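In order, the protein sequence lines correspond to chains P and R.
So for the first sequence, the working numbering puts the first residue at 1; every next one is plus one.
So for the second sequence, the working numbering puts the first residue at 1; every next one is plus one.
Source of the hints: derived by calculation from the structure; they are not laboratory data.
Please read all numbers here as calculations on a predicted model, not as lab measurements.
Don't take each hint at face value.
You can't tell identical chains apart in this list, so a pair holds if it fits in one copy or across any two.
What the hints assert, rightly or not - Pairs of lysine to aspartate or glutamate, DMTMM-like flavour, derived with a Cα cap of 20 angstroms:
1) 11 to 80
2) 61 to 46
3) 11 to 64
4) 61 to 32
5) 11 to 36
6) 61 to 73
7) 61 to 36
8) 11 to 73
9) 11 to 46
10) 41 to 64
11) 41 to 76
12) 41 to 16
13) 61 to 44
14) 61 to 80
15) 41 to 73
16) 61 to 76
There are 2 protein chains.
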Amino acid sequence: MARFIVEVMLKPEILDSQGQAVARALPRLGFEGVTEVRQGKRFEIELEGPADEAATERVRKMAETLLANPVIETFELRAE
Amino acid sequence: MARFIVEVMLKPEILDSQGQAVARALPRLGFEGVTEVRQGKRFEIELEGPADEAATERVRKMAETLLANPVIETFELRAE
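Sequences and hints are given; from them, build the entire structure.
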């Protein structure tokens, strides 16, 4: 059993309206001093077989194809 | 400047319909052998000041108050 984490974030130049909404809400809740919030997605993926190079490559393809939109998002992946 | 990562995932006993939708889509795209997908949120938070105990505690409160719903979600936080 192989287990991978894929983290997907908007590219820095893309407006992150979810993150901005959180950043604006925090002072209203009494949390001052927050300079930036960015919000992304986190996937936990379990595959049959070992967490080898081939499995990593398959998860990379999944991320490029389905989990992230390469036009506006970047992703990082790691075995866990 | 302190920088924290907060990762929010649904509790294991809560149905993850987003993750299930991804898991069902993968075989249609040619990716076999995926046994489970769970989808959560990832926040990058920047604060004024040092990444000390007090800052960590503030971010923990933010996570409990706004970023996660403790009834159905768990979160992990770390300084980066």
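TODO: Starting from the hint list further up, note which numbers the structure goes against and sort them upward.
DONE: Hint check: nothing fails, all pass.
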